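Peer 1: Take a look at the letters that make up each chain.
There are 2 protein chains.
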Amino acid sequence: MPRFEPLSEEALVTIEGGWQRLGSEVGVRFDHPRAIELFRAAGQTVDGPVVRFDPGFLAAQAAFAPAEFSLHARNPDRDFIVGGDHMIFGPANGPPFVRVNGERRDGTMADLEQLLKLTQMTDALDTPGRNILEPNDVALDVRHLLRALAAARLTDRVWSGEPSSEDAARDCIRMGEIIHGGREAIEARPVMFGNVNVNSPMHFDVRMLEGLLTYADAGQAIIVTPFLLMGAMAPVSIPAALAQQTVEALAGIALVQLVRRGTPCVMGSFLSATDMQSGSPGFGGPESALGLYASGQIARRLNLPWRSGGGTLTSSQTVDFQAGYEAFNTLSAAFLAGANVCWQSAGWLEGGLVTSFEKFVADCELLDLLIHQFTSVEVDEASLAFDAHVEVGQSGHFFGAAHTLERFRDCFWRPTVASTENNDRWTRNGSLDHAARASRRWERMLESYEQPPLDEAIEQELVEFVESRATELGDPVDVRTSGRS
Amino acid sequence: MPRFEPLSEEALVTIEGGWQRLGSEVGVRFDHPRAIELFRAAGQTVDGPVVRFDPGFLAAQAAFAPAEFSLHARNPDRDFIVGGDHMIFGPANGPPFVRVNGERRDGTMADLEQLLKLTQMTDALDTPGRNILEPNDVALDVRHLLRALAAARLTDRVWSGEPSSEDAARDCIRMGEIIHGGREAIEARPVMFGNVNVNSPMHFDVRMLEGLLTYADAGQAIIVTPFLLMGAMAPVSIPAALAQQTVEALAGIALVQLVRRGTPCVMGSFLSATDMQSGSPGFGGPESALGLYASGQIARRLNLPWRSGGGTLTSSQTVDFQAGYEAFNTLSAAFLAGANVCWQSAGWLEGGLVTSFEKFVADCELLDLLIHQFTSVEVDEASLAFDAHVEVGQSGHFFGAAHTLERFRDCFWRPTVASTENNDRWTRNGSLDHAARASRRWERMLESYEQPPLDEAIEQELVEFVESRATELGDPVDVRTSGRS
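Protein chains in written order, with my numbering: chain P, 1 to 485; chain R, 1 to 485.
No lab work stands behind these hints: they were computed from the structure.
A portion of the hints provided could be inaccurate.
As the list claims (entries may be wrong) - Covered stretches of chain R (in silico footprint by chain P; criterion: 3 or more residues with CB under 8 Å from a CB of chain P, positions within the stretch not fixed):
(1) 36-46
(2) 238-244
As the list claims (entries may be wrong) - Chain R residues, not near chain P, derived (Cβ > 12 Å throughout):
(3) P49
(4) M109
(5) N136
(6) V138
(7) E187
(8) R207
(9) T314
(10) H389
(11) R437
(12) D475
Stated by the list, open to error - Pair ranges (Cβ atoms, derived):
(13) L353/P / G430/R: 14 to 22 Å
(14) N101/P / G430/R: 53 to 61 Å
(15) E406/R / R3/P: 45 to 53 Å
(16) G393/P / Y449/R: 33 to 41 Å
(17) R409/P / R261/R: 42 to 50 Å
(18) E166/R / D123/P: 50 to 58 Å
(19) R3/P / R301/R: 15 to 23 Å
It should be emphasised that the depicted structure is a prediction, and the values quoted were computed from it without experimental measurement.
C-beta atoms are modelled at their ideal positions from N, C-alpha and C, and glycine is treated no differently.
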């Protein structure tokens with residue numbers, strides 16, 4: 001399917017001039033001595049923690065990153081390609097709260113495990129990412145270990161490592177090595193994402209840089225994501241935010257390429273507007289959709305895979321009309337814009353503070369719908385069904401036509417939660433709205449979850465590593481049996 | 001903004017071959033002797049009520065219809081252009097039931113009057129159309145008179161005439177003449193739409209043809225709308241349905257041009273899929289969106305204005321997540337496809353059986369959002385806000401930047417119903433979901449409704465006409481005061 005590309009060539013050139021000027025005149029701050037040294041050695045202008053880039057330097061570095069690459073899962077059927085015409089999807093990542101059956105509370109490890117199971121059962125989702133939900137009942141410094149272990153046990157997909165400190169990143173890489181046959185193996189065939197958020201405007205902080213440098217050393221795929229709420233972290237102008245987003249992402253990608261040329265990178269974007277009355281972020285509105293269309297054009301111009309900010313973003317507190325249209329606007333914009341990586345595509349609620357079980361399955365329906373909608377329809381003589389018209393003529397209907405009877409089972413997309421019931425039937429069935437039906441669906445899904453087989457020796461080694469590291473970190477855990485149900 | 005055009009030139013040629021073959025080999029049935037005579041006189045092959053068209057005849061007739069035309073409202077500020085890059089919007093038309101504040105019941109004249117007032121107050125809506133809701137408390141044979149009178153009194157917009165019988169169409173045209181200065185005036189400057197639905201497949205029934213012929217004689221704008229639920233009135237194949245939709249619409253438009261060459265016409269479409277398990281229609285799914293994208297391409301190829309089936313269609317029973325995403329998918333597809341006329345863009349619920357007050361205002365927010373989203377963003381040096389970046393540098397935020405302070409009031413789109421409240425505030429304010437907030441909004445809106453002034457002599461003449469026709473029809477009415485509040 002074609003992409004929707006509203007920016008003219010002239011507009012793209014103007015934005016390119018904008019990000020180049022920002023890079024060379026304003027510059028980007030890096031809070032890590034190794035980053036500064038790498039840029040200095042590459043001949044860039046260093047002024048304390050701020051680096052100003054020569055014209056052409058950032059684009060030249062970005063050209064070392066592959067336009068397309070593969071990530072490998074422990075089940076080879078779950079490997080995927082990032083870049084080109086490919087799109088990969090993951091659920092919400094990061095929320096501290098959960099909303100389930102009308103209750104909003106702190107997320108727990110048990111909730112996270114349920115959400116990992118739902119991810120594993122959903123064909124439209126490619127990866128659980130890093131943290132569908134924060135397990136607040138686990139000590140902070142060992143969470144990355146338990147999250148990675150749960151993802152490795154409960155799914156057979158690619159998962160993402162912890163980016164926000166060197167130790168945590170090393171632990172995640174070590175677990176990837178255990179699963180995939182050692183350091184050399186994962187350097188040759190990368191197995192995980194590390195997503196590095198920019199501390200916008202124009203600033204990479206030390207914890208994110210530790211993660212970036214560690215994943216770059218290991219050759220794992222790095223997504224560099226400017227997080228821009230226009231009005232707060234960016235000017236109140238879409239072109240200005242696009243220029244900023246581009247130079248921030250390219251600055252991170254250039255650093256990765258200086259560490260290890262050819263390391264797979266993804267240009268990230270997370271662009272939305274602030275409600276200027278309340279100061280709250282707004283999601284799913286026209287500015288973020290326009291930002292997505294344009295971001296896709298910019299990334300393709302740079303020949304880089306790109307991540308759209310999120311799949312099914314919404315500011316809504318609950319799984320209502322607002323959540324439905326905001327999620328749909330964000331997700332359909334990602335399709336129209338040709339995004340390669342769409343995280344936050346299931347369960348995201350309340351501006352990212354909440355992962356909702358109901359919205360998780362409601363969003364998976366949207367994903368499935370849009371995958372159908374953006375698959376080309378074959379148009380040939382047979383598709384014109386001329387014989388059906390001859391059979392039916394100028395009256396009657398097509399329900400009984402031979403053409404229909406041969407195809408009725410799979411000729412149309414079918415929803416999993418949405419209802420086409422008439423009013424009598426809907427009322428008899430309890431007058432359940434979409435959220436109530438979604439609640440029943442995830443409960444039913446979990447009843448038939450099957451844990452994907454994991455080699456016993458590998459699992460044993462993972463358990464020993466996690467327990468020994470947790471003990472070193474001062475928060476011993478017992479993970480021999482959890483996450484096995 | 002560009003259009004989203006997924007069909008290749010080759011696919012368009014295949015569909016063109018398909019509709020031409022349907023027209024020449026299967027043919028279209030017309031249940032009206034005048035229609036048959038007109039086609040016979042134009043040299044087409046008549047076989048009882050079925051007409052088969054020479055290759056090239058339909059396209060040649062369609063070429064007599066203007067690519068763009070104006071319709072005139074009683075307030076000249078409300079005139080609009082149909083065709084080209086213009087889009088016009090109207091609310092739901094046709095539902096017999098109303099849903100308001102959680103109750104579903106028969107619609108009444110009082111409900112219709114409220115909905116006309118909301119239409120008048122909504123800038124994004126251009127026309128109330130014909131019947132936002134059926135006034136079931138008015139005798140059937142005089143409804144068209146009271147609906148037209150209410151539209152003329154409570155709004156100053158273009159409204160639509162009754163298409164489904166000769167007498168009703170004549171009455172509506174007469175009322176247009178009274179408002180706009182007589183028959184000659186409205187023939188020179190058309191003032192209303194008549195929407196003619198095809199009795200698909202391939203059949204125009206006598207009541208619709210009476211309407212079509214009467215509006216064509218008067219030179220008013222005629223929309224010819226095939227109503228296709230694939231599986232029922234069309235084959236279970238999108239290309240087949242597109243070919244059928246095209247030949248059906250062109251057959252009606254050709255007839256209009258035979259009656260009165262140059263009469264404004266709109267190519268209609270209303271294409272969706274049937275749920276093949278329940279037999280119920282489904283709305284807002286991938287097939288109807290794909291059908292819209294393609295219909296826009298076909299209409300532009302024929303250089304005809306076109307109507308997308310509906311703006312905010314949904315199968316949902318209530319204003320929930322499903323209603324939000326189905327409405328958004330249909331409406332955004334109309335924008336992407338470049339539809340010129342979008343009826344059913346506010347209030348449509350339950351597959352068109354219900355007009356919902358809550359959904360009416362919720363949908364108007366979507367309209368407003370998408371009008372913003374599909375308005376080009378200016379990209380120039382000033383839009384890059386370079387000075388704001390110099391001011392803020394590598395830390396801090398843009399809330400206080402001079403660039404922001406100059407623009408914060410209107411830099412972003414603002415919703416009318418959606419909320420960006422944080423959880424504390426939302427809970428304090430009653431934990432209202434989108435539907436509950438929408439309910440408050442329409443109630444508040446109606447408090448400030450002001451009836452647009454209408455010349456007293458014109459109103460007097462309308463009242464006398466309506467009362468005298470109602471008496472002739474055997475159902476006397478007193479309309480001197482109703483609809484004036």
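Peer 1: Hints first: check each against the structure and report whether it holds.
Peer 2: Each hint tested on the structure:
no.: 1; hint: 36-46; result: violated (count 0)
no.: 2; hint: 238-244; result: holds (count 5)
no.: 3; hint: P49; result: violated, 8 Å
no.: 4; hint: M109; result: holds, 23 Å
no.: 5; hint: N136; result: holds, 16 Å
no.: 6; hint: V138; result: holds, 23 Å
no.: 7; hint: E187; result: holds, 33 Å
no.: 8; hint: R207; result: holds, 16 Å
no.: 9; hint: T314; result: violated, 9 Å
no.: 10; hint: H389; result: violated, 5 Å
no.: 11; hint: R437; result: violated, 9 Å
no.: 12; hint: D475; result: holds, 30 Å
no.: 13; hint: L353/P / G430/R: 14 to 22 Å; result: holds, 20 Å
no.: 14; hint: N101/P / G430/R: 53 to 61 Å; result: violated, 20 Å
no.: 15; hint: E406/R / R3/P: 45 to 53 Å; result: violated, 34 Å
no.: 16; hint: G393/P / Y449/R: 33 to 41 Å; result: violated, 50 Å
no.: 17; hint: R409/P / R261/R: 42 to 50 Å; result: holds, 48 Å
no.: 18; hint: E166/R / D123/P: 50 to 58 Å; result: holds, 56 Å
no.: 19; hint: R3/P / R301/R: 15 to 23 Å; result: holds, 22 Å
Hint violations for this structure: numbers 1, 3, 9, 10, 11, 14, 15, 16, all remaining hints satisfied.
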